[in-house]
Amino acid sequence: MRAILTVVGHDTVGILSKVSAMCAEHNVNIIEVSQSILQDMFCMIMLADVSQCTIPFTAFADKAQALGEEMNLSVHAMHEDIFNSMHRV
Amino acid sequence: MINTQDILETINMIRAENLDIRTITMGISLLSCADSDIHMSCDKIYEKICRQAEHLVQTGENIEKEYGIPIIHKRISVTPISMLVAASGGDPVLYAKTLERAAQTVGVNFIGGYSALVQKGFAAGDEALIQSIPEALAETEHICSSVNIGSTKAGINMDAVATMGQIVRKAAEITADKGCIGPAKLVVFCNAPEDNPFMAGAFHGAGEADCVINVGVSGPGVVRAALEKIPDGNITDVADTVKKTAFKITRVGQLVAKEAAKRLGVPFGIVDLSLAPTPAVGDSVAHILEEMGLEQCGAHGTTACLALLNDAVKKGGVMASSHVGGLSGAFIPVSEDAGMIAAAENGTLSIEKLEAMTAVCSVGLDMIIIPGDTSAEVISGIIADEAAIGMINSKTTAVRVIPAIGKNIGDTLNFGGLLGYGPVMKLNTASPAKFIHRGGRIPAPIQSLKN
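Quick note, the sequences are listed as chains A and B, same order. Each number in our numbering corresponds to the 1-based position in the first sequence with 1 added. Each number in our numbering corresponds to the 1-based position in the second sequence with 22 added.
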C-alpha cells in the first residue's frame, strides 16, 4: 500500500529531515518528494510505500499528526487511493 | 504522482470545508429471525445484529484514519419491525428495547427500521407497531421509526395519515420533558426508498439482500466553497461547478463504501448522493443557495436554485458511483442547517415555501418545529399535502415535524448535537379535520397526461 504524506505550514529548518526520520524509523520507504511554496506556505508532498511499515498504518498516521503538532505544521498521512479516486476517472 | 494542487484541494475539502462521509449504514435483514414466540424472535434479532455488525464501528474508524476522511456515523437499518410483529404478535416495544440493547452492544448511534409500510392498507402487525411508536421512541435512545403511508403505485392511505397525525403529537407529548425528542426520530414517508442509509427514515426493505453496506455522502460546505470561486459565472457555470464537485465528493463515498464492504465481507449496496447539512458553520445547504445569489434562503427564486442544485448533484454523482440509491438529493432539514435556521428565525423562510422546495428535492418537510398546540388533524393535513407531492411527482417525500409542547411561535427548541435547534414556525391553523376523518384512500394517480 502507498500513502501520501502532506506537510503544510510556515517554513522552518529541518522539516524534511524530521519527516523522513519518522519514515525511516518505521521502515516507510519514500518514493517521491515534491515541495513548493504556495500562497506563502511551505508545502511538501511525499509518496511513500508503507507496505513494510513496522506499525499499523493507523498508528503511523497518528504519529504523523503528532509530529505536525510538535512542529506547528499540518502533517497528514493518508492512503493514496483517496486522491486517486477523487482526481482520476 | 498526483499533482500538488489536486492533493491540496482534497486536504482542503476535508479540513476546511467539512467534507465527510455522513454515514456507513449496514442493512440487515431480520426476516430469518421471525418466530411465533416474541421472546425467541427478540433473542434471534439481538444475536444476528451483534454478529453481523460486530466489527462495523471499528472498521469505520479504521477506514476513517487510513484515508483521512471523517466518517461521522456508523449505523444499522433493519427489516421493518411490523413484519416481525406480524409473525410473533405481542408488545412491539419489546422489539424496540431489543434493538436498543443491540445498538449499545455494537456501538452504533442509531438503528432504523421500527417501521411499517401501510401505503395500501394495514396488514397484521402494522397497527400494533404504529400505536406503539410514541412509547418505543420515549423508552429508547438509539431507535428510529418510519411509516410509509403512500406511494405513486398505491395512492395514499388516508386512514394511516389520520393516525400518524395523532402519533406524531403523542410522541411529542410523552417526550415533552426531554425536549420533545420523540418525533425527531420519526418520519412519515410517501414512496419510501428501501435502501436509504440516512436516519431517521432508514429501513432495510424486504427486496434487499441479507446484509449490505450503504453509504451516505455529504459535503454542502465543499459545494458552497466551489461556487464562491466563481462569483461572476453564469448559471450554466454554476450547474457545471456543482456537478464536478458532486463527482469528487461521490468518488470518496464510493471508495469508502467498497472498502467497508470488502473489509466486512458483505456486498456493497448503494451510495446515496445527498448533500446532508449539519448545524456547523460552513456545512449548510441554505448557504449554497445564497451563494448562487439569493439574499437569503426562502426568497423567491429559492425553488429554482434548489432544483438546479439537486439535479446537478445527481448528474455529477451518478457517474462517480457504480450503484446509486437511497434518497439521493439535497436535504433541507430546518433545525440541522445553520442557514435554514437563520432564515426561519427572521421569517424569510416559511413552511409554505419549504413545501414548494420539497417538490424539487429530497426529502420533504424535515426537522420543522411547529407550535405545541397544533392539532393532530393539522399535522395529518401537512402529511397528506406532502405525500400528494411525492405521489404525483413519483418521488420520495416525507414529513418530520416536531410539535414543541408548551412552546409557541418565536420560541426556540434545542435538541443538541446534529439534530440542532430551531424556532417554532408559524402554521396555517384552519382545520382540515373533516377531510382527515373521512378515511379511505386517495387512488393511485394516472401516469400519463402529465401536466
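These aren't lab readings, by the way, just hints derived from the structure by calculation. Don't take every hint at face value.
[Claimed, not checked] Listed next, the in silico DSSO-like pairs over lysine-lysine satisfying Cα-Cα at most 30 Å (straight line): (1) B:K192 to B:K417; (2) A:K64 to B:K70; (3) B:K417 to B:K429; (4) A:K64 to B:K284.
[Said to hold, decoys possible] Heads up, incomplete: computed chain A residues facing chain B, CB under 7 Å, no partners named: (5) G15; (6) I16; (7) S21; (8) I56; (9) F58; (10) H88.
Note that CB positions come from ideal geometry on N, CA and C, so glycine has one too.
Here is how each hint holds up against the structure:
| no. | hint | in the structure |
| --- | --- | --- |
| 1 | B:K192 to B:K417 | holds, 28 Å |
| 2 | A:K64 to B:K70 | violated, 37 Å |
| 3 | B:K417 to B:K429 | violated, 33 Å |
| 4 | A:K64 to B:K284 | holds, 27 Å |
| 5 | G15 | violated, 21 Å |
| 6 | I16 | violated, 16 Å |
| 7 | S21 | violated, 16 Å |
| 8 | I56 | violated, 13 Å |
| 9 | F58 | holds, 6 Å |
| 10 | H88 | holds, 4 Å |
Checked against the numbered hints above, the structure violates hints 2, 3, 5, 6, 7 and 8; every other hint is satisfied.
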